[in-house]
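Participant: Okay, here's what each chain looks like letter by letter:
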Amino acid sequence: MAERVLMKGNEAIAEAAIRAGCRHYFGYPITPQTEIAAYMAKKMPKIGGVFLQAESEVASINMVYGAAAAGMRVMTSSSSPGISLKAEGLSYIAGSDVPALVVNVQRGGPGLGGIQPSQSDYFQATKGGGHGDYRMIVLAPASVQEMASLTIKGFNLADKYLMTSMILADGTIGQMMEPISFEDAEIETYEKPWALTGTNCERKHNIVNSLYLQPDELEKKNFERYERYKIVEENEQMWEEYMMEDAEICVVAFGIASRVAKNAVVAARKEGIKAGLIRPITLWPFPKKAMEAAADKVKHFISVELSMGQMIEDVRLYSGCKKPVTLCNRCGGMIPSPDQVLESIRQAQKGAC
Amino acid sequence: MKTVFQKPKSLTDAPLHYCPGCPHGIIHRLVAEALDELGIEGKAIGVAPVGCAVMAYDYFACDMIEAAHGRAPAVATGIKRCRPENIVFTYQGDGDLASIGMAETVHSAARNENITVIFVNNAIYGMTGGQMAPTSLPGQVTQTSPYGRDVKHCGWPIRVSEMLATLEGPEYIARVAVNNVKNVNAAKKAIKKAFQNQIDGKGFSLVEVVSACPTNWGMTPQQALEWVESDMLPYYPIGVYKDRTEGAK
Amino acid sequence: MKTTQILIAGFGGQGVLFAGKFLAYKGLTEEQQVSWLPSYGPEMRGGTANCSVVISDTPVGSPIITNPDVLVAMNLPSLLKFVDAVVPGGQIFIDSTLIDAKVERTDVKVHYIPATQIAKDAGFATLSNMVLMGKVMKECDAVSYAGCKETLEAFIPAKKANLIDVNCQALQAGYDY
Chain A
1 MAERVLMKGN
11 EAIAEAAIRA
21 GCRHYFGYPI
31 TPQTEIAAYM
41 AKKMPKIGGV
51 FLQAESEVAS
61 INMVYGAAAA
71 GMRVMTSSSS
81 PGISLKAEGL
91 SYIAGSDVPA
101 LVVNVQRGGP
111 GLGGIQPSQS
121 DYFQATKGGG
131 HGDYRMIVLA
141 PASVQEMASL
151 TIKGFNLADK
161 YLMTSMILAD
171 GTIGQMMEPI
181 SFEDAEIETY
191 EKPWALTGTN
201 CERKHNIVNS
211 LYLQPDELEK
221 KNFERYERYK
231 IVEENEQMWE
241 EYMMEDAEIC
251 VVAFGIASRV
261 AKNAVVAARK
271 EGIKAGLIRP
281 ITLWPFPKKA
291 MEAAADKVKH
301 FISVELSMGQ
311 MIEDVRLYSG
321 CKKPVTLCNR
331 CGGMIPSPDQ
341 VLESIRQAQK
351 GAC
Chain B
1 MKTVFQKPKS
11 LTDAPLHYCP
21 GCPHGIIHRL
31 VAEALDELGI
41 EGKAIGVAPV
51 GCAVMAYDYF
61 ACDMIEAAHG
71 RAPAVATGIK
81 RCRPENIVFT
91 YQGDGDLASI
101 GMAETVHSAA
111 RNENITVIFV
121 NNAIYGMTGG
131 QMAPTSLPGQ
141 VTQTSPYGRD
151 VKHCGWPIRV
161 SEMLATLEGP
171 EYIARVAVNN
181 VKNVNAAKKA
191 IKKAFQNQID
201 GKGFSLVEVV
211 SACPTNWGMT
221 PQQALEWVES
231 DMLPYYPIGV
241 YKDRTEGAK
Chain C
1 MKTTQILIAG
11 FGGQGVLFAG
21 KFLAYKGLTE
31 EQQVSWLPSY
41 GPEMRGGTAN
51 CSVVISDTPV
61 GSPIITNPDV
71 LVAMNLPSLL
81 KFVDAVVPGG
91 QIFIDSTLID
101 AKVERTDVKV
111 HYIPATQIAK
121 DAGFATLSNM
131 VLMGKVMKEC
141 DAVSYAGCKE
151 TLEAFIPAKK
161 ANLIDVNCQA
171 LQAGYDY
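Protein chains in written order, with the numbering used here: chain A, 1 to 353; chain B, 1 to 249; chain C, 1 to 177.
Just chain A, same shape as in the assembly:
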């Protein structure tokens, strides 16, 4: 077994990115993700990489766009207000079909909001954020180990499907330390014949572009892109199930909320309530397969979120509205306690009996 070391979640992302072959990082300071930039600033110059602090989030995502178009594994990281500013670039990157990794260590919103953990950028990450028809692969780590493993996975998926992978973390997972090992990191590499390398006067010029003034051409491009998205939806759903075999009450939670929810599920079982947990690891594609299977088995769903209730819409959608779905939430930087989740489970149990 590889050596276990204690690392902050944010640092784990940075180290994993370097191990995944990322040698270009462009960012702009914002709490609570600054450790990523600090780690990169320290490490990149020593390994022949580039760390550049841009003049704004807008500039940094466009530097990412350029570097991605040049065929490099590249990333940026930010937190909620900064991701809003990057939304323009995310749309261009999607429209140009180049791969990138973007980290959002979420904080409370809207507006300047706060700096404490939140999951209220779920809509922004999974439903758009930028303009136009596009998707991002959204990965939701629930531990420091997953901050690393999903970063590596995110780079692989981005290159495979020519799209942005977003790590949707939160301030808690970013700031906490847990043991982590970097064994068996599987780095996939893909040919990038479309990349801007200079023609060397040997081939027709490559163009990286999202402009299609003829509507039929743009439509065709979008159709093609969504065919690719369909493959992602079919092949890349990831989730964890906990005590779901005989569960009657199904708690759905991701990221830090899932850690709290797991404690509550254990406590509910002690009270004789058959509770279980589905933890989506990919938020897009949402684990539709798990939800469909659970919808036929369980009596009640509870969506536990650090928001006013965003994922709950997908819980309803993908369970086909077959069973009642209730919300257990805190927001603005507050986190539900295991007791609060347990109480929701008890209430659901009462309704289900």
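One should not assume that every hint holds.
What the hints assert, rightly or not - Using C-beta positions, here's what the derived DEER-type ranges look like:
#: 1; chain 1: A; residue 1: PHE123; chain 2: B; residue 2: VAL151; range: 39 to 47 Å
#: 2; chain 1: A; residue 1: GLU292; chain 2: B; residue 2: CYS154; range: 55 to 63 Å
#: 3; chain 1: B; residue 1: GLY218; chain 2: A; residue 2: THR34; range: 49 to 57 Å
#: 4; chain 1: B; residue 1: PHE5; chain 2: A; residue 2: GLY132; range: 39 to 47 Å
#: 5; chain 1: B; residue 1: GLU226; chain 2: A; residue 2: GLY132; range: 41 to 49 Å
#: 6; chain 1: A; residue 1: GLU217; chain 2: B; residue 2: GLY139; range: 55 to 63 Å
#: 7; chain 1: B; residue 1: MET102; chain 2: A; residue 2: MET308; range: 32 to 40 Å
#: 8; chain 1: C; residue 1: LYS81; chain 2: B; residue 2: MET102; range: 27 to 35 Å
#: 9; chain 1: A; residue 1: GLU271; chain 2: C; residue 2: GLN172; range: 39 to 47 Å
#: 10; chain 1: B; residue 1: MET102; chain 2: A; residue 2: GLU217; range: 26 to 34 Å
As the list claims (entries may be wrong) - Covered stretches of chain B (chain A as the covering partner; in silico rule of three or more C-beta atoms under 8 Å from a C-beta of chain A):
#: 11; stretch: 14-22
#: 12; stretch: 89-98
#: 13; stretch: 101-114
#: 14; stretch: 162-172
As the list claims (entries may be wrong) - Derived, one-sided and incomplete: chain B residues facing chain A with beta-carbon distance under 8 Å:
#: 15; residue: GLY25
#: 16; residue: ILE26
#: 17; residue: ARG29
#: 18; residue: ILE79
#: 19; residue: ASN86
In case anyone wonders, no lab produced these hints; they're calculated from the structure. Treat the numbers as computed from the prediction; the structure is a model and nothing was measured. We put the beta carbon where it would ideally sit given N, CA and C, even for glycine.
Using the hints provided, position chains B and C relative to the given structure of chain A.
Facilitator: Leaving out everything else, chains B and C in the frame of chain A:
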């Protein structure tokens, strides 16, 4: 038969979409000639703007990318930092470079990013149909300053070259024009130098090309070139505003 | 299945986060499951600071501690804030040099340690945090006391290696109190 004149290799065969009398065609050619003469067409990567030159990616034969409005210097930075051996240039208009993209412009200059910026200043937003630009002259009539640019209401036009020349960062800042043969020849020289600087690793080199927009200025091409001389150049004088190696002129 | 939830709270600058990290590293070297979660943000500078450490023989569920098994209070505001959250049967460690107050609860075990005074007298005035950790390690079985030096060697950066011995002395002073 002897060939006495031909299209530069660095331009494709795609027909340009520009309006009759628009100097973009001349400026494209000057850039392409510079790439040809320096033998860097195969290494060049160009960044197209949003604005009239948005489809420059179809016209230049080198690898090209289309940036969001104003972001070309950031995109160019990303490319150059990944591929320092390549020659990276942006081709931007006044709205793109001096309004929405001013932060990217100033900071790439301050970093002395080793890229070449071709800045076409025609004092108007052409692509969207003739709105007031950050470089529109006082009193200039545009679609969004129908009574003439009132500086009390919307401020003064920005002299980009003079402003950037105050920065410690950039290597070379020059303003040229393309309103007559003499000026076109001088512009060619400046553009070539801006690319040579990048080859030599000297850093950020920007050439502001004072251009014309007959269509949106509501003039004939001839009148427009005359207006460049009579109105534009007095506000935007030709000259080398910064040259770290040889000194400003 | 054994899980210990430890909350360490005090002023910024008292070494609250470092003390927590030390316990987490100690747990790690013993092949236990651990998590360390700081309070973060502007309050880190001079205001109150706290960190939550969970040490367990099974994977850590929530790293957020609502009801600690162990509370280490390094100033009065922290004691007042968290005293009622400690689980019945839990333990509270108080730096009695800085905190005059007594705990009225009778369902918890309270240790009053003049940690700041002990540290000052022994010539390592800034290490009251580690004095307290020494006492915590003696009274709780979340991590063992043996091997502290190796743990410190593993996570104190080489350029600060001169601090390892004095940290060990501080731990010992607390352990012996």
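Participant: Tell me the numbers of any earlier hints that the structure contravenes, in ascending order.
Facilitator: Violated hints (numbers, rising): 6, 8, 11, 12, 14, 15, 16 and 17; every other hint is consistent with the structure.
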